[in-house]
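Trainee: Sequence:
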Amino acid sequence: MEVNMPTTEQGQKNKQMIPSPGPGGGSGPGPQAPKVEKPNTEEILKRMRKVDPDQARRYRQRTGE
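In terms of the working numbering, the sequence shown opens at residue 233 and continues consecutively.
Note that these hints are calculated values from the structure, not bench results.
Fair warning: there could be bad hints in the mix.
Listed below are the simulated SDA-like cross-link pairs for lysine to any residue, each with C-alpha atoms no more than 25 Å apart in a straight line [as the list claims (entries may be wrong)]: (1) 270 / 248; (2) 278 / 265; (3) 270 / 282.
Pairwise CB distance ranges (calculated) [stated by the list, open to error]: (4) 286 / 261: 32 to 40 Å; (5) 248 / 279: 47 to 55 Å; (6) 289 / 248: 15 to 23 Å; (7) 261 / 284: 43 to 51 Å; (8) 268 / 289: 38 to 46 Å; (9) 289 / 265: 25 to 33 Å.
Virtual Cβ for every residue (Gly too), placed ideally from N, Cα, C.
Produce the complete structure using the sequences and hints provided.
Mentor: Quick look at the structure:
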C-alpha cells in the first residue's frame, strides 16, 4: 500500500504567518485584552497578613519582595 503525501510541488499551499500584536494591542475586529492596572502589592500583603500571615510570607518569597 502506497501513501501519497502532498508536497509543495504537488500543490500544497504554504501558509504565510502574520505576527500577532502584543497584549492589549491590535486594531482588528476581534476581542482585545482589557487594559488593567497592576495591583498594589503592599495592599495585598497587608490584607493577606490579617487573614494568614504564613501565606503572606510565602507570597512575598514567590514574588521576590
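Trainee: Hints broken by the structure, by number, lowest first?
Mentor: 1, 2, 4, 6 and 8
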